[in-house]
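Please take these sequences and the hints and turn them into a complete structure.
As numbered in the numbering used here, residues 926 to 1877 make up the sequence shown, in order.
Rather than coming from a laboratory, the hints here were simulated on the basis of the structure. This structure is a prediction, so every number in the text was calculated from the model and none was measured. Cβ atoms here follow ideal geometry from the backbone N, Cα and C, with glycine treated the same way. Any given hint could be a false lead.
As the list claims (entries may be wrong) - In silico DSBU-like links for lysine-lysine, alpha-carbon gap of 30 Å or less:
hint, residue 1, residue 2
1, K1047, K1166
2, K1852, K1781
3, K1275, K1422
4, K1781, K1849
5, K1047, K958
To be verified - Using C-beta positions, here's what the derived DEER-type ranges look like:
hint, residue 1, residue 2, range
6, A1105, D1041, 34 to 42 Å
7, P1638, G1660, 32 to 40 Å
8, W1396, D1249, 52 to 60 Å
9, A1165, K1737, 35 to 43 Å
10, Q1283, Q1251, 21 to 29 Å
11, K1852, D1663, 21 to 29 Å
12, Q1283, Q1097, 25 to 33 Å
13, D1288, G1548, 46 to 54 Å
14, S1801, G1660, 21 to 29 Å
15, E1797, D1663, 48 to 56 Å
16, W1396, G1660, 49 to 57 Å
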Amino acid sequence: MTTELPRADVSLRHTIRLVGALLGDVITACEGKQVFDIIETLRRTAVRFRREGRPADGELLQDSVRRLRGDNANDVARAFTYFLHLWNIADDRDQARQQREQTLRGDEPARGSLRDTLARLKARGISAAQIRRLLTDACIVPVLTAHPTEVQRKSTLDLHQAISALLLRREQPLTDDEQAQVEQELLGRIATLWQTRMLRATRLTVADEIDNALSYYRSTFLAVIPRLYADLDKLLRPSAKHFDPPPPPMEPFLRMGSWIGGDRDGNPNVDAGTLDRALRRQATVLMEHYLQEIHALGAELSISSLLAGVSPELQAQSDASGDDSQHRQDEPYRRTLVHVYARLAATAFKLTGETLAQRRTYDAAPYADPAEFARDLAAVAESLAGNQGGPIARLRLAGLQQAVAVFGFHLATVDLRQSSDVHERVLAELFARADVCLDGKPLDYAALSEDQRVALLRSELAHGRPLASPWIAYGEETTRELGILRMAAACRARHGKDAVRQIIISHTETLSDLLEVMVLQKEAGLLVNSANTADPAQPLKTLEGLMVVPLFETIPDLERGPGIMAAWLDLPEIRERVQQTQDGTQEVMLGYSDSNKDGGFLTSNWTLYHAERALVEVFSKRGVRLRLFHGRGGSVGRGGGSSFDAILSQPPGTVAGQLRLTEQGEIIQSKYKDAEIGRRNLELLLTATLESSLAPQQEAAQAEADRVGDYGPAMSFLSEQAQRAYRGLVYDTPGFADYFFMSTPVNEIAGLNIGSRPSSRKANQSIEDLRAIPWGFSWAQCRLMITGWYGVGSAVERYLEEGAPDAPRSKKARLALLREMATAWPAMRTLLSNMEMVLAKSDLAIGARYAALVPKRALRERVFGMITTEHERALSMLRLLTRRDLLADDPGLRESLNQRFAYIDPLNYLQIELLRRWRADQAKPGKKPDPRVRSAIHLTINGIAAGLRNSG
926 MTTELPRADV SLRHTIRLVG ALLGDVITAC EGKQVFDIIE TLRRTAVRFR
976 REGRPADGEL LQDSVRRLRG DNANDVARAF TYFLHLWNIA DDRDQARQQR
1026 EQTLRGDEPA RGSLRDTLAR LKARGISAAQ IRRLLTDACI VPVLTAHPTE
1076 VQRKSTLDLH QAISALLLRR EQPLTDDEQA QVEQELLGRI ATLWQTRMLR
1126 ATRLTVADEI DNALSYYRST FLAVIPRLYA DLDKLLRPSA KHFDPPPPPM
1176 EPFLRMGSWI GGDRDGNPNV DAGTLDRALR RQATVLMEHY LQEIHALGAE
1226 LSISSLLAGV SPELQAQSDA SGDDSQHRQD EPYRRTLVHV YARLAATAFK
1276 LTGETLAQRR TYDAAPYADP AEFARDLAAV AESLAGNQGG PIARLRLAGL
1326 QQAVAVFGFH LATVDLRQSS DVHERVLAEL FARADVCLDG KPLDYAALSE
1376 DQRVALLRSE LAHGRPLASP WIAYGEETTR ELGILRMAAA CRARHGKDAV
1426 RQIIISHTET LSDLLEVMVL QKEAGLLVNS ANTADPAQPL KTLEGLMVVP
1476 LFETIPDLER GPGIMAAWLD LPEIRERVQQ TQDGTQEVML GYSDSNKDGG
1526 FLTSNWTLYH AERALVEVFS KRGVRLRLFH GRGGSVGRGG GSSFDAILSQ
1576 PPGTVAGQLR LTEQGEIIQS KYKDAEIGRR NLELLLTATL ESSLAPQQEA
1626 AQAEADRVGD YGPAMSFLSE QAQRAYRGLV YDTPGFADYF FMSTPVNEIA
1676 GLNIGSRPSS RKANQSIEDL RAIPWGFSWA QCRLMITGWY GVGSAVERYL
1726 EEGAPDAPRS KKARLALLRE MATAWPAMRT LLSNMEMVLA KSDLAIGARY
1776 AALVPKRALR ERVFGMITTE HERALSMLRL LTRRDLLADD PGLRESLNQR
1826 FAYIDPLNYL QIELLRRWRA DQAKPGKKPD PRVRSAIHLT INGIAAGLRN
1876 SG
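Here it is as structure tokens:
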């Protein structure tokens, strides 16, 4: 398979042609020339159709797909899917190459690089000391989740990494023989890829998800994060000399988080056992890394005390070592590290229950905590620094010290998450089984008003006595919830408090939702009231416990969120807890997916923006530091798009050095597949946080207040109208749910085995009960992506044509205002930029073919007609506001997308045909559908997702 990229970068074009040709050779060898010719005919037809747009080519493409039978459909799906995989690898590799060449040429540093950001901050008068002060209290945490949008198997992803590494080798100066060897290895890897099963045979388990995520630590995070710290420190200390003592590790500001093993919301497969497994497996990966580094460090530090001085502390450690080798008697660093290795091996066994040491060692006491391990490393570093060994310490030791500061003995903090309604049911059972009475009557917790619940829960928190009893057999749900909280306490005791720090409450709607979790923590031993008083006004003197983090998801929840947080922080016992045990910080999570599914693209974005500004005001008045946790996904409809741009467009005061955000599904693989790409994405998170946090806050806040004052009324009107249009389609159109389930592969996606969590909350075909992730993923598959644009066109059109309260009187003036918003307001500019990308990837002609899967003609014409009309409005209004066609300001990207679409289109055509066959066979009594058809459907889902990239 080959492709034509007439004006694309020459290097990228050559690479894509090479891997395409090699894939073609593999297909010919493995499947025969007849299969290759079928694939090549489809490819040429699709390319010609995209280039020339002749209807005859579209019909030929459809007819060619309809004639595919037996294994040929699978062959075609695999061929186009793997070619898109290879294209993605080449594209990523080319971006990294261009960035490196830019640096080598001495050009201006790339936007978002550390050099660029520090230069910008310096130009603003921000000193290195100010940056360090911010970072001392900063918290930047990408949180890996197992949300099911990653359709690739790990075996496939491993081959992707191997192919990427070969493409990197190919960029180096090579002899003809070396070039031929690289291409031979590429052929071998691509042949392996072709003969590797693309689809998972069974559904992923939570254990699989844990191990998949941990592979990114081995390939990227463990090496890249310490290096990023070192590079930043070096730039902040430009006058440092080579033989100066290396600085101590920086206070950790960039760490990793995870939901995998602790996210129970809607996933019955997550329990106390998965949390325990997650943290043991994390510790295993981390301890293996530490042991390897200590062994390598011992090999490197061959320094003889006969030739270099040694500090008294290090000499004492060397003398106390159990190393009995006569060959190392004058090598105190090696002797010390032999003992460090022994203690670390004992620590690894204590944490994991496994023997992880790969080298001969002896019995030694395990480290009590990471701080004790860090002190031993510091002794080595200080001895080197005091004896002209600064450059030696920088080789490996300094990076290991920073790694220990960042990763501790836990690797990543695992969040707990559960839905508020589950907590409510658990407490209702606990109260009922404890025979708690209210006003002399048995307590019915579910029947209490909100005020009654708050009073009861505060009183319960103030009591020292337990509510749960070890001698009562509770229901399954209550037992599971108490079990995982007790396991969290055990894991914190074993791995350290950083192992589990937050408990997130999905569907937070009231103040009592937060207090319920406090009571449950008390019952699990995470909180212990030492005041022994029933007065809720008294400060709650407790163990640290977990920070209770509300998740505001739907439009109404986001609107209520600031009021709930004000009430929460105004409780004396909570205010005391926040200051004493949470360092004056309270985290709030914002959900992008559900708010989009609830109110549509524009309304979700505006409601989130409003909520953030209101939260800043609530927290500022109370002297509490706000940390926002952004629940973003890959697709624009789920908060996707450039993280760098998204952070910079946040309202002033909402970052302030505090940022957590989810990295989900295929985005993890896209951002962190290897060290080079992972480094760039982590760097962008760091630099965007620095730029946003160190902007002149008072000036920025006033400027934003002015913009909201000038543009807010118009945006509020647009939001109201966009939501009306969106909900009019999704929730108010009769038969819409039937249309959605028939015209998209949502049911087939559920069978892809891409996650341990069910795709729907209930076993029915209801939009309300469908999770936001498969909702958005399905619209991407049929190339309509309504989650990223629907309703915006109607809103803009109505504003221009009819006006709004406080709007300019003339249509011309209203248009001028909207155009000003589109250029002068970062929030609006980012929103329109993201919408433009979604519209550029949408395709109504293909969407119409999916609509034809709906058997009821009146229904499909009504719903698809609404989608078509609104799509045309969105395009028209976007052109009006930006004064250009889609992506006219980036012709290279537009051309690249058009070339890519030629390879996605055949997969869409094939998927439609296969869905028709599969469903027709399912509808026939006694007919057993061909399993190859189902397999081919799943292959097309994989390929379309790969081609569109950020579709999950």
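How the hints compare with the structure:
no. : hint                        : verdict
1   : K1047 <-> K1166             : 22 Å, holds
2   : K1852 <-> K1781             : 23 Å, holds
3   : K1275 <-> K1422             : 16 Å, holds
4   : K1781 <-> K1849             : 18 Å, holds
5   : K1047 <-> K958              : 62 Å, violated
6   : A1105 <-> D1041: 34 to 42 Å : 39 Å, holds
7   : P1638 <-> G1660: 32 to 40 Å : 36 Å, holds
8   : W1396 <-> D1249: 52 to 60 Å : 54 Å, holds
9   : A1165 <-> K1737: 35 to 43 Å : 59 Å, violated
10  : Q1283 <-> Q1251: 21 to 29 Å : 23 Å, holds
11  : K1852 <-> D1663: 21 to 29 Å : 22 Å, holds
12  : Q1283 <-> Q1097: 25 to 33 Å : 32 Å, holds
13  : D1288 <-> G1548: 46 to 54 Å : 51 Å, holds
14  : S1801 <-> G1660: 21 to 29 Å : 27 Å, holds
15  : E1797 <-> D1663: 48 to 56 Å : 24 Å, violated
16  : W1396 <-> G1660: 49 to 57 Å : 54 Å, holds
The structure is inconsistent with the numbered hints 5, 9 and 15, although it conforms to all the rest.
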